[in-house]
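Novice: Given next are the chains, with one letter for each unit.
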Amino acid sequence: MALAFDEYGRPFIILKEQDQKTRLRGIEAQKANISAGKAVARILRTSLGPKGMDKILQSPDGDVTITNDGATILEQMDVDNQIAKLMVELSRSQDYEIGDGTTGVVVMAGALLDQAERLLERGIHPIRIAEGYEMASRIAVEHLEHISKKFDFGATNIEPLVQTCMTTLSSKIVNRCKCHLAEISVKAVLSVADLDRKDVNLDMIKVEGKVGGKLEDTELIYGITVDKDMSHPQMPKQIEDAKIAILTCPFEPPKPKTKHKVDIDTVEKFQTLRLQEQKYFDDMVQKCKDAGATLVICQWGFDDEANHLLMHRNLPAVRWVGGVELELIAIATGGRIVPRFQELTPEKLGRAGLVREKSFGTTKDKMLYIEHCANSRAVTIFIRGGNKMMIEETKRSIHDALCVARNLIRNNSIVYGGGSAEISCSIAVEAAADKYPGVEQYAIRAFADALDSVPMALAENSGLQPIETLSEVKSQQIKENNPHYGIDCNDVGTNDMRQQDVFETLIGKQQQILLATQVVKMILKIDDVISPSDY
Amino acid sequence: MAIEKILKDDASEEKGERARMASFVGAIAITDLVKTTLGPKGMDKILQSTGRGHGVTVTNDGATILKSLHIDNPAAKVLIDISKVQDDEVGDGTTSVVVLAGELLREAEKLVAAKIHPMTIISGYRMAAECARNALSQRVVDNKENAEKFKSDLMKIARTTLSSKILSQDKEHFAQLAVDAVMRLKGSTNLEAIQIIKKPGGSLMDSFLDEGFILDKKIGLGQPKRIENAKILVANTAMDTDKVKIYGARVRVDSMSKVAEIEGAEKEKMREKVQKIIAHGINCFVNRQLIYNFPEELFADAGVLAIEHADFDGIERLALVTGGEIASTFDNPESVKIGHCKLIEEIMIGEDKSIHFSGVEMGQACTIVLRGASHHVLDEAERSLHDALCVLSQTVNDTRVLLGGGWPEMVMAKEVDELARKTPGKKSHAIEAFSRALVAIPTIIADNAGLDSADLVAQLRAAHHKEGCNAGIDVISGSVGDMAELGISESFKVKQAVLLSATEAAEMILRVDEIITCAPRQREDRM
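Chains as they are written, first to last, in numbering that gives the first Met the number 0: chain A, 0 to 534; chain B, 0 to 526.
Source of the hints: derived by calculation from the structure; they are not laboratory data.
Given the structure is predicted, the values throughout are model-derived calculations rather than measurements.
You may find that some hints are simply not true.
To be verified - Partial pick of chain B residues on the chain A-facing surface, computed with a CB cut under 8 Å: (1) V77; (2) L110; (3) V111; (4) I325.
Note that beta-carbon positions come from the ideal geometry of N, C-alpha and C, so glycine has one too.
Turn these sequences into a full structure, and let the hints guide you.
Specialist: Now the structure itself:
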């Protein structure tokens, strides 16, 4: 620990409890940071691509997650190191922004850090490296724009969208029925998409899962499912042309929020209170009935008496429906959420063509399906699968596919996958490097090398010879001036990605490069790490 | 320089080969644990809980065993989960699914050791599973049209399922019970309508199916013990102190006489309520909640049978059985549906009294009364019967039936072997391995029965070389026998679920190349 002294030779305390902290500075600090970042990237490297492997993550409570989704792995990894946390953030922001490519972005950042380490050893100043990376990333992003293609799709021609979603799904465990799932995802996105504004609200797509059955049984429901059943076992299980009252007030005696007491001191008061109570329940049910509702969905519980009255008046009801689900139901059925019985009017009721209760398996599991809604814009993807981990992983995969489909609707440019885009960028960056005078030239070249590491990891995971395969593809791209050549991961026999129909979204790729560069720049700029020592 | 530690203290990370080893070892250990319970001669396990009292369970139901294990190995957890799902979804085959998944992994381990990439193994397994499923669905028998034959199919399935359980001594009796009960459901899978009551005492053979409904309650003192043409009101209402529910209400009085007045009013209120209930014209009143002495006395005076504190399930079933509705308010008697039954009487089972409702409107429901020497026997009998009921009710919906006794596995193994021969490339090793894993199941069945498995399986394989062969292992005589003649059948739906979820689970575990374990959450020591 460096100490400062004043002019009389007394030690000068700069940091609080200085001697209890460890401190790394200069090149030492940078190297430590880089190796931490690389360590995270190394974990994810084997999960990249269609032949990528999965990870088992065991949470502090002993729950098991099996996944190969980069963002999920990092989030659950219980990371302690600050730099490693930056990488976790990086993957998360890719997840929020794009939804897919969370593994790729970390692998890319790891490769950039690896290259930076070598340059540092040669004595190049970290800021120069960072600047070089910045320039190179700009070149790469422009080049991506250049090689990207626009493609057409419409409500009827969904094939290209399905193809892209399939590329995303092929790296997951669900690739057995990726075709089916991709189609579901695209249909779901299209049914909630606003094609004119090019906007998609993914909140309108609810992804539900239930263990049991086969993955092939996964279905798209044009409506909402609620994991609840009717409040009274003898209410009808199926309602056609339902008019739904959506309530956030309980069928219970009123509970004024201010503190109060009702004192009973005479027999008359006791009796009037009792009558009042009965009338109150009666009124509540009557109000729903008057508004014309044929189904009541309520966020809160029911009193036994109210429950029977509802049943008695032939008004099926569902209780304890969660707030989010309630909102979705309101959106789907075009109803309004009503907080007080007094405000219930016929026009605030939601409409659905069919509401039915469905039971599963040998246990008492029941779900409520609300279908043929007035506003068909809210849909549900209902996943079935052999076990809990499978369902969870399928949910994550579907989420990725949904995000990809959304991105395509926002911006219909695509690049070809299988590492072809990275290779092409690498060639372009390499070529551009020579035009830059100064030390940055080295950094730009290093960037090009780092770009190569993504296809390299792909080839490695697919059991191919990484160096041989990469150099072969690269030379082919240059020779034929065709950016569509990539790594043939599935052993199809051709490495033209156009023929294999492997696409990725342009913004996804651009975002990967930009985000990775930004994080690496940040890490390179750190030259002093002060942390409280362990003891 | 040393690689920075990036994980928190106590968190561990296992990579590549080590991770794969850890998950294989865990999964295979679980398989070996439940393996011995497979088949008609499988053994039982004693499970002792760590909770207070150290309750003991004796079972050979795979799902029950696995549910009670405390497992730390993540791969083992996957297997436990598939067994649980199998239990929820089809009810039977919970052991087979774990054993098959374990055998698949055992074979995969050898392939990985022979330097075949896990992804190649997975794609081979997928092809094999698809092929096996097709082979099965080609050989199914479907007797949907012929009611008589279908019933005998059901009997066979019930017998086969029960033969591996504690009930195997009396399987004929119980198979009949189960089939009768399921046939009454008329195609619905709602097993709630079948009530199982366990009464220690007597022998298993004394168990019987009752067409009515038995409520495990006593009839109140001084009330009629026998009612013919009963009109029943099923209710869920407070019959103790019917409180004013308005929030914050309380009684505040300034003299004793006022207290007495209010008490009087309360009593009056209860009396009114009872009057209203009696005004429905009923002679039996069943309530979910407690009935206090005062209203009970009123009911007795009116000659109405009042039954208190029937649990929630009991109430729902009773409402279902008698066709009444569960009432909570009693102001309009004309529109409340009242349940009917021909006869209510108190009967004795063993030495306990129960209330028996017979001649009920809805024919669907029934009650099975199990008798047995001890609680453990009864619990196990209930689980076995539950398995049989689940399988039967699923079979009623999907009427396809297969032969049992290792026959389906041999059929699949044969087809998969064929496929392996036709497939070029490394995948064929994986496909071959799949067929070996399938054959492992009859092997284990034979081993558990103390037979010479190597010899038997070889004979079986030879027998299956002929087209349309019905050979399987006849555990009783210890030789290869004709399964169709022996009447050993299994449900197609169960077999298919076993095959698919075992493959899925094996695939999932195979894909893993790294295990990251977080530090266990620190708990305060509450000891």
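Novice: Give a verdict on every hint.
Specialist: Hints, one by one, checked against the model:
The restraint placing V77(B) at the interface with chain A holds, with a minimum CB-CB distance near 6 Å, inside the 8 Å limit. Using the Cβ-Cβ criterion of 8 Å, the hint placing L110(B) at the interface with chain A is not satisfied: the shortest such distance is roughly 14 Å. With a cut of 8 Å, the hint placing V111(B) at the interface with chain A is violated, because the nearest CB-to-CB distance is about 12 Å. A least Cβ separation of about 7 Å between I325(B) and chain A falls short of the 8 Å threshold, and the interface hint therefore holds.
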